[in-house]
Every structure is written in structure tokens, then in C-alpha cells.
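Using the sequences provided together with the hints, build the complete structure.
Protein sequence lines, in the order shown, are assigned to chains A and B. By my numbering, the letter at position 137 of the first sequence is numbered 137, and the numbering carries on one by one without gaps. By my numbering, the letter at position 221 of the second sequence is numbered 221, and the numbering carries on one by one without gaps.
These are calculated hints, taken from the structure and not from any lab test. Everything numeric in this text was worked out from a predicted model, so none of it was measured. Wrong hints could be hidden among the right ones.
To give an idea of the interface, some chain A residues facing chain B are shown, with a C-beta separation under 8 Å as derived from the structure [as the list claims (entries may be wrong)]:
(1) Ser14
(2) Ala19
(3) Tyr62
(4) Arg63
(5) Asn65
(6) Pro81
(7) Arg82
(8) Leu84
(9) Leu85
(10) Leu87
(11) Pro103
(12) Arg104
(13) Glu117
(14) Glu121
(15) Leu136
Note that the Cβ used here is the ideal one computed from N, Cα and C, for glycine as well.
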Amino acid sequence: MNEPALAIRGLCKSFVLHAQGGVELRVLRDVTLEVRAGECVALEGRSGSGKSTLLKCIYGTYRANAGSIRVLGREVVGAPPRELLALRREALGYVSQFLRAVPRVPALDVVAEPLIERCGESAEALAAARRAAGQLLLRLRVPMRLWEVPPATFSGGEQQRVNIARALLEPRPVLLLDEPTAALDADNRATVVALIGELRRAGAAIVGIFHDARVRDAVATRVFDLERGR
Amino acid sequence: MSEAPILRAAGLAKRFGARLALAEVSLELWEGEVLAVVGESGSGKSTLLACLAGRMAPDAGTVEFRTRHEGWRDVHAMSEAARRLLERTDWGFVHQRPEDGLRMTVSAGANIGERLMALGARRYGWIRAQAAHWLAQVEMDAARLDESPLAFSGGMRQRLQIARNLVTRPRLVFMDEPTSGLDVSVQARLVDLLRGLVRRLSLAAIVVTHDLGVARLLAHRMMVLKDGRVVETGLTDQVLDDPHHPYTQQLVASALAP
Numbered sequence: 001m002n003e004p005a006l007a008i009r010g011l012c013k014s015f016v017l018h019a020q021g022g023v024e025l026r027v028l029r030d031v032t033l034e035v036r037a038g039e040c041v042a043l044e045g046r047s048g049s050g051k052s053t054l055l056k057c058i059y060g061t062y063r064a065n066a067g068s069i070r071v072l073g074r075e076v077v078g079a080p081p082r083e084l085l086a087l088r089r090e091a092l093g094y095v096s097q098f099l100r101a102v103p104r105v106p107a108l109d110v111v112a113e114p115l116i117e118r119c120g121e122s123a124e125a126l127a128a129a130r131r132a133a134g135q136l137l138l139r140l141r142v143p144m145r146l147w148e149v150p151p152a153t154f155s156g157g158e159q160q161r162v163n164i165a166r167a168l169l170e171p172r173p174v175l176l177l178d179e180p181t182a183a184l185d186a187d188n189r190a191t192v193v194a195l196i197g198e199l200r201r202a203g204a205a206i207v208g209i210f211h212d213a214r215v216r217d218a219v220a221t222r223v224f225d226l227e228r229g230r
Numbered sequence: 001m002s003e004a005p006i007l008r009a010a011g012l013a014k015r016f017g018a019r020l021a022l023a024e025v026s027l028e029l030w031e032g033e034v035l036a037v038v039g040e041s042g043s044g045k046s047t048l049l050a051c052l053a054g055r056m057a058p059d060a061g062t063v064e065f066r067t068r069h070e071g072w073r074d075v076h077a078m079s080e081a082a083r084r085l086l087e088r089t090d091w092g093f094v095h096q097r098p099e100d101g102l103r104m105t106v107s108a109g110a111n112i113g114e115r116l117m118a119l120g121a122r123r124y125g126w127i128r129a130q131a132a133h134w135l136a137q138v139e140m141d142a143a144r145l146d147e148s149p150l151a152f153s154g155g156m157r158q159r160l161q162i163a164r165n166l167v168t169r170p171r172l173v174f175m176d177e178p179t180s181g182l183d184v185s186v187q188a189r190l191v192d193l194l195r196g197l198v199r200r201l202s203l204a205a206i207v208v209t210h211d212l213g214v215a216r217l218l219a220h221r222m223m224v225l226k227d228g229r230v231v232e233t234g235l236t237d238q239v240l241d242d243p244h245h246p247y248t249q250q251l252v253a254s255a256l257a258p
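Written out as C-alpha cells, the structure reads:
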């Protein structure tokens, strides 16, 4: 395992705001970071230091201006859309801060969607995907009576657990976590901490933002300060 | 998804008198991929769709479709008969106004069965069973098979138009503002339905929409048109969450919930 699962070199990301006269916000400057399988790196830095921006660059949502991001040796920066979609499918898990789900889709299918996309018209594969989703939701204490309900009406904590289940249902080699426990109570926080630990020990390379110091200390193997670049 | 695109266009241009409706538009679309074409009214989206679907001849450029048996074919160079056959089999076209895509004077079942009959299907029982199946696929009660679309709501008509298109299992569907004539609650249901269908049937689709929320939910990729030119392309989340072009930034900033 000499090759890092995630290798970021010289990454720069700025935003040009055309409505504000073309002002340029330089958020990430020359970020270099390597994360190996079995590591969990906690991103540190003031609000606005670019923690979420870094995660979004790794996922490819934000298009970097310069530098390189390699996931399992495959370049994210400048990757053609189809390659990036394939890389996400195969290698990248991302727990966003907020759940964005289709209005009418029940929670169980929101969670199972990454698997459902591959089921085609097979009813058996679909049933298996939903069973797996249900098991994870049980572990995250999302009650069965909510499974057939679209998550739009759920509480913040319930939505977040649906979001976590959706991203973790099929563990990816590189995992990005943006405040995965922010809206959770103590029991659920503990469950998510345990889940993250299991994934890490199983070989995931994890980068996350954890404002809760107890969570950070429980899951992180190392801290990376974005303002100091190490 | 397969290894080759099923549709490719290069250097498309179209003028209406002095007005440039389309310039230098190129794209590729793969099986199972949904591309949203967004832009304001007059940006050239519908002209692009009409050129891609062979309904309007571009002044310059080519559109090619990879057919099941004969490989790549130039959409604008093929015979009228060959193109009509494609339109009835491997392609679908969903109009903004369902009335433009349906025959309003015949029953729902006949609307769905028409494409099958045009392909030579004659067994009434089989055609009817197919119609019932596709009505169910768009979440409509098979009991309404014999009703006229005139008795249907706008949302039901739109679903019927979709069923009518899907009955021949097309590989590519063109959609022109498929949700924009509907109530918001009906829109959500239709977007969800379309999303399920394109995933399940591995459809390739080009969806013209001015609604960035619809693009977010349906499309893998986006193309932003302004004054007939492509100003930005990328994955849907890239274009919506990190728009680069001034025009895209303005579109995203002025949307309610992109």
C-alpha cells in the first residue's frame, strides 16, 4: 500500500464572481495532501478556510484551477464528465451536509439509489438493494414507519442519517465526510462514529470535516490544517 | 452504459433571417445518459432539439445516430422514410404540450398502440396488453385505457404522451420542456417518474428545459446555451454549484431552487 488512495498536489481553487464585477475569491492555494488506505484525516481551519471547498474539489463538483487530485491513481482535475461519473461510482463516497433528494421518492429508495441505478429491470436486484438499505437504516435508528416516506418532511437529524446511509451503503475506497454528525443526538453520533471506524479499518481513506471535537478525536488518525497547509 | 455514443452532432448552425439561432454546437450523447440543455427563451434550445431530432435542417453541421443494425447514419442525409421509421421505433419525442404529441380524438389505448400498429402489429389482444402495461409504467390506471385524452388532466396527458413514446422501447428520447406546462406538484411527480424510467430503461435523453431544478434532478450533464452558442458544459452539479460563465452564474443566481 505505498500508493496513497488520495493524492492532492498544488491544488488551487478560486471563484470569479461576475455579478460582483469579476472579483476573484481565492479559496485554496497550493494545497498538497496525501491520504492512504486506513487513514482518516480531519480538516481544520476557520470557517471560510476552504474545508468544504476542498471536499467538493475532490468529488469534482468544484472544478480546480490548478494542481492535481488523484483518486486511486485516476485524475479528477479536468476529467471528462463520463470518466468522473465512473470514478465517483467506483471510488468516491461523499456525505454532504444536507440531503438533496427527489421530492416524491421514499427514504428507502433514496438510500438504495446508488444500487438501484445498476438494477435495470431486475426485480430481485431491486429487492436486495432495498433490503440492504433497510438494514443500514435500522442501524442508524431511522424507524421503519419512515422508510416509505419521502425524507423532505424528516427532521434534520433523520435527513442526515438518510444521507449517511445513502453514501455508505456501498463503501467506496475514498470517503468524503462534510459534518456527518452535526445534527445528530449522542446515540446516533456514537453509531456514526462506529461506522466511520469500521470503514476506516476495512481500508477506506477518509477525509472529513468534524466540528465536534469529540467526534474528531474518536475518528481521525491525523489532522490537516488548511491554513497552515499541513 | 456502452462504450460508444449513440448520438453525435458537430458544428451545428442555424439562422432565421438575420438572427443567428444556433452556432458551432457540438455534442455527444451516450446510452443511458441524460443531457439537459438549458437557457432562457430565445437561447436556441428548441432549435437545437429540432435539429438533433431531424425535424429541422441545420444550415451547417451534421447530426449522426448510431442505429441498431447499420451503424452511424447521418440524420439529415437519410431518406424521409428512414427517418420516420426511426421516429416510430428507436426515438421518442415528448412535446411541451401533450396535445402536440397525442391524438386527442382517439382513446388512450389507441394512442399507445399506434406506434406498434405502424410497425405491423395486428393482434388486438397483444396491443391492448402492451398499452395497459405502459399505462401502468407511467402510473396510470389501466381502467382508463378506453377513455379519451380529452378527459385527462394536463399531468395525465403528459404521462400518456410518455407512454405513447416508450411503447417501442426507444433508445433515445428528445424532450422539449416536458414539465413546464404543469402545476408544481404534478411537475415533481412527473420528474420523478421520468427519472425512474430513464434509469430503468437505460434511455439516452436530451431534455430542453429552462428549469434548473428539473435539470438537477434528471440530468447527468448540462449544456448552457446563450444566443445560440454553448457557453458552458459539465456535470450537472459542476455547472449548478460552480458555474463559470457570467451567464450561467446569472441563471443560477436567479433560479428559485436550482
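Verification of the hints:
no. : hint   : verdict
1   : Ser14  : violated (11 Å)
2   : Ala19  : holds (6 Å)
3   : Tyr62  : holds (5 Å)
4   : Arg63  : holds (6 Å)
5   : Asn65  : violated (10 Å)
6   : Pro81  : holds (5 Å)
7   : Arg82  : holds (7 Å)
8   : Leu84  : holds (6 Å)
9   : Leu85  : holds (6 Å)
10  : Leu87  : violated (11 Å)
11  : Pro103 : holds (4 Å)
12  : Arg104 : holds (4 Å)
13  : Glu117 : holds (6 Å)
14  : Glu121 : holds (6 Å)
15  : Leu136 : violated (21 Å)
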